[in-house]
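Starting from the two chains in their separate frames, assemble the complex, guided by the hints.
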Amino acid sequence: MADITTAEKSPAKLTKEVVRFEPRIIGFLCWWCSYAASDMAGTSRLKYPPNVSIIRVMCSSRVDPAFVMRAFAEGADGVLIAGCHLGECHYVSGNYKTAARISLLKKTLAQFGFEDDRIRLEWISAGEIRKFSKVITDMTEKVRNLGPLNWRENFEPK
Amino acid sequence: MEQPKEKLKLGVYWAASCGGCDISMLEIGEKILTVDSLADIVLWPCIADFKYKDVKAYPDKYIDVMFFNGAIRNSEAEEIAHLLREKSKILIAYGSCSYGGGIPALANFYSKQEIFDRAYHESQSTVNPDRIEPKTKHTENGYELYLPEFWETVRKLSDIVDVDYFIPGCPPAENTTWSAIEAIVSGQLPPVGSIIGAGNKSVCDECPRERKETKIKRFKRPHEYVAPDPEQCLLEQGIICLGPATRSGCEARCINSGMPCRGCYGPCADVYDQGAKMISAIGSVLESEDGEEIQRVIDEIMDPAGLFYRFSMSHSYLLRRRLVGAKEEMK
Numbered sequence: 001m002a003d004i005t006t007a008e009k010s011p012a013k014l015t016k017e018v019v020r021f022e023p024r025i026i027g028f029l030c031w032w033c034s035y036a037a038s039d040m041a042g043t044s045r046l047k048y049p050p051n052v053s054i055i056r057v058m059c060s061s062r063v064d065p066a067f068v069m070r071a072f073a074e075g076a077d078g079v080l081i082a083g084c085h086l087g088e089c090h091y092v093s094g095n096y097k098t099a100a101r102i103s104l105l106k107k108t109l110a111q112f113g114f115e116d117d118r119i120r121l122e123w124i125s126a127g128e129i130r131k132f133s134k135v136i137t138d139m140t141e142k143v144r145n146l147g148p149l150n151w152r153e154n155f156e157p158k
Numbered sequence: 001m002e003q004p005k006e007k008l009k010l011g012v013y014w015a016a017s018c019g020g021c022d023i024s025m026l027e028i029g030e031k032i033l034t035v036d037s038l039a040d041i042v043l044w045p046c047i048a049d050f051k052y053k054d055v056k057a058y059p060d061k062y063i064d065v066m067f068f069n070g071a072i073r074n075s076e077a078e079e080i081a082h083l084l085r086e087k088s089k090i091l092i093a094y095g096s097c098s099y100g101g102g103i104p105a106l107a108n109f110y111s112k113q114e115i116f117d118r119a120y121h122e123s124q125s126t127v128n129p130d131r132i133e134p135k136t137k138h139t140e141n142g143y144e145l146y147l148p149e150f151w152e153t154v155r156k157l158s159d160i161v162d163v164d165y166f167i168p169g170c171p172p173a174e175n176t177t178w179s180a181i182e183a184i185v186s187g188q189l190p191p192v193g194s195i196i197g198a199g200n201k202s203v204c205d206e207c208p209r210e211r212k213e214t215k216i217k218r219f220k221r222p223h224e225y226v227a228p229d230p231e232q233c234l235l236e237q238g239i240i241c242l243g244p245a246t247r248s249g250c251e252a253r254c255i256n257s258g259m260p261c262r263g264c265y266g267p268c269a270d271v272y273d274q275g276a277k278m279i280s281a282i283g284s285v286l287e288s289e290d291g292e293e294i295q296r297v298i299d300e301i302m303d304p305a306g307l308f309y310r311f312s313m314s315h316s317y318l319l320r321r322r323l324v325g326a327k328e329e330m331k
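Keeping their order, the protein sequence lines are chains C and H.
Residue numbers for the first sequence follow my numbering, beginning at 1 and rising by one.
Residue numbers for the second sequence follow my numbering, beginning at 1 and rising by one.
The set of hints was computed from the structure by calculation and includes no laboratory data.
Think of the CB as a built atom: it goes at the ideal place given N, C-alpha and C, for glycine as much as any other residue.
Please note: incorrect hints may appear among the correct ones.
Claimed, not checked - Partial chain C-side listing against chain H, Cβ under 10 Å, derived: (1) Tyr48; (2) Ser103; (3) Gly113.
Said to hold, decoys possible - Selected chain H positions facing chain C (in silico; Cβ < 10 Å): (4) Ser75; (5) Ile90; (6) Ser284; (7) Val285; (8) Leu286; (9) Glu287; (10) Glu289; (11) Gly291; (12) Gln295; (13) Ile301; (14) Pro304; (15) Ala305; (16) Tyr317; (17) Leu318; (18) Gly325.
With the rest of the complex left out, here is chain H (with noise of 0.2 Å):
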């Protein structure tokens, strides 16, 4: 790669994160010192100490890429969202939790309410008789306090400000970094807008198992995943991989790990609710022309909703459980 005149600036930032992704820019091992090479790094929460005031001292557009991991959750995410989307020239969601809500979405499940009952006075390990609860402003001592205010719904990033481009994965896998990175130093970018890194075709597409057509007898439980044919798809074989409604790009590593596709990379082109189309898939898969054969099958997904959505609640139609008027306990 050509050396640029000037460095560019880079920005990595965390919002509700497990710092995973942070880790996962280092997979691509000694290319590190390329990307050392050509950029330098204005803000990294992770490892380096800047300020929120240093980085609003910037000026507009200063920084020149800024990988944005982690879903938004509470007000300090969706400010620092606004704000970096001012000071950069190019803003990318990178990993599932910032492209579609990730493991934190799946909060979506609860009420901010139900959340904070079983954080701060449920679990068995909390002792908290005064039944404090955080609180968004707190005077001590003659000193103002302040915490963010915890949003009732988790939101991925596009919702709040516009991204350039999204690269999935949770974490995205060492391919797909490396190949966002070279396109982004290169110039040569898709449409703002687009995905980078990750392909255009299902998980399907890069798996080495086969099709057999052969009709799903029962689902399995995660501790009978040891699938009995080898060789044969392991949808097939009644374990559930979401692999034929999840983007390819990974090289489908976990099934060559002997484990399912959990669709970490997120809905295939063109498709926004990534769930529905898993539930469309299953229906297409069964293969079977018995109504009660077919009832009795579905009947042993346990959690559709935890497994399908798994790391996009926030990019599907529904978004949440309701809230408003639902007068059974969610099962």
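Isolated chain C (complex conformation) (with noise of 0.2 Å):
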């Protein structure tokens, strides 16, 4: 956030400027599709929200439950997994493992009192860029709506 100079510092400018909520989401991409499209969408120079902080990983079948709840409980807003469409995964049959793992994760998080907007499982193949900027941007003001989740919050009444 831009600091006010010392030239403006006058009662009437130091009140508070409302900062929009920027919310911060952790992008798990399998290498052979999604990561490689978002490698492209950067060389292509495409523009995106810069909300999602991208953890690549071999194949999104890599991705363990316990990795999108931990980003959960350790601040973020919102966790994107991506991965090859189903019949392409380089891996065979990953991805069948990842759709049955992060659809069963969503329920189990909805009775955590997470909304759905949080948690996105998308298909997009390393030629699908503007898929790509796309879906990082749909997501990211999906969830700067829904707000921060703060879950360390619900820790604070003991």
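If you want it as structure tokens, here you go:
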């Protein structure tokens, strides 16, 4: 956030600006498809919000549900998991396991009080750079509207 | 076993507990006589009338071995956990509740106010027109009466104090309890912080059934728990068994009785969150290559959170249902 200069520090300017909530989203991208798409989106100079912190995994099925839960427990507002389209997994059947896991995880997290839009599973192939940037943009806005998760606040009253 | 010169000072305490762990210590049968010859009881609320003031008067580290069962649900449990840590040489978290929160920790799916509303106002047999709820302090006839404070979130013992050893199980199986007692009495204990009396693999390792790697057509509800194939893995037959995500050591007694594992020995070695691992295991075992079929089969699992975190809510990353900022009612 830009600091106001000394010259501008009049009483009127000292009131705090309303800061727009910037969601922190963790993105698990599989190396062969979705991470490759993110790479190409970068070299193609596509514009999209910077709110997703990308973690590369070799296959989307590497994403243990514990990773997602831990991300939320430690401050994330949203988690994106992206892999190859069904039938195109580089390791043949990994993404079928991802589909089952993330579907069951979303159902479980709903019982923990999570809104559905906070966890998103997408199939993005290596060439789908526009889909990639659209998913990032769309998810950022959806999580922004949901507001911060602030999981740690759940433990303030003991 | 050799008779030590002095008898060990033994204590057993219950926090948020059903009393099953206290009873389970008798499952060792006649071996309780051996324990009696080796140890003197200095605290055991379930069976003896020691008072807290007696315990406070003990010197520090007076109690040689303290078995603490039950979860930490209120300020009394927390206070006594600190007291017993001071007064004990070896403090052991005995049973699923003190190890991982256990059944009491399922209360973490509700807020304190929701629990009070249900218990003191809404339950069908309750008559409470004055809307009385327990308070922590009340004055009556000039006397001040105190009750412990009810915490919002149920915790495990190791969240409150340093714990020397953990004995898992709801309750710990007879062989687990006895092998833990043997280790303690013989002094052959693993490094502090270890799980004792249990194995280092998953229940699948002890299970007599076999994996045939067939596709799960559908998941069954408890009233459908008779497995068509008596030799095949229960999970493969659509009966949700937590064996793959649960520590071994119980000799798979539930499966040997025709029932699926409930997960009471907690997560496997090196795993922190048991529920997350079970979600992962179901994903691995489904054996479907049809996106719609996968979704349809997963949709049949009712209450995954309660099933997979039945014993380990306090030993998980999320710990509880969201309290702050949730917009919708929990389904």
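Against the structure, the hints:
At about 26 Å, the closest approach between the beta carbon of Tyr48 (chain C) and any beta carbon in chain H exceeds 10 Å, and the interface hint on this residue is violated. Look at Ser103 (chain C): its Cβ gets to within about 5 Å of chain H, closer than 10 Å, so that hint holds up. Annotation: Gly113 (chain C) was flagged as interfacial toward chain H, and the flag holds, the nearest CB pair being 3 Å apart, inside 10 Å. Because the beta carbon of Ser75 (chain H) sits about 9 Å from the nearest beta carbon in chain C, less than 10 Å, this interface hint is met.
Because the beta carbon of Ile90 (chain H) sits about 28 Å from the nearest beta carbon in chain C, more than 10 Å, this interface hint is broken. Here the hint on Ser284 (chain H) is kept, as its CB sits about 6 Å from the closest CB of chain C, short of 10 Å. At its closest, the beta carbon of Val285 (chain H) sits 9 Å from a beta carbon of chain C; the interface hint therefore holds under the 10 Å criterion. Proximity of Leu286 (chain H) to chain C holds as hinted, the smallest CB-CB distance being about 5 Å (cut-off 10 Å).
Annotation: Glu287 (chain H) was flagged as interfacial toward chain C, and the flag holds, the nearest CB pair being 9 Å apart, inside 10 Å. With a cut of 10 Å, the hint placing Glu289 (chain H) at the interface with chain C holds, because the nearest CB-to-CB distance is about 6 Å. At a threshold of 10 Å, the smallest CB-CB gap from Gly291 (chain H) to chain C is about 5 Å, leaving the interface hint in force. A distance limit of 10 Å between C-beta atoms decides the matter here; for Gln295 (chain H) the minimum to chain C is near 6 Å, and the interface restraint holds.
Look at Ile301 (chain H): its Cβ gets to within about 7 Å of chain C, closer than 10 Å, so that hint holds up. For the restraint placing Pro304 (chain H) at the interface with chain C, the shortest Cβ-Cβ distance is roughly 4 Å, inside the 10 Å limit, so the hint holds. This hint holds: Ala305 (chain H) has a C-beta 4 Å from the nearest C-beta of chain C, less than the 10 Å allowed. For Tyr317 (chain H), the interface hint holds, since its Cβ comes within 10 Å of a Cβ in chain C; the closest pair sits about 4 Å apart.
A cut of 10 Å between beta carbons decides the hint on Leu318 (chain H): the least distance to chain C is about 5 Å, and the hint holds. The restraint placing Gly325 (chain H) at the interface with chain C holds, with a minimum CB-CB distance near 7 Å, inside the 10 Å limit.
Hints 1 and 5, counting from the list given before, are not met by this structure.
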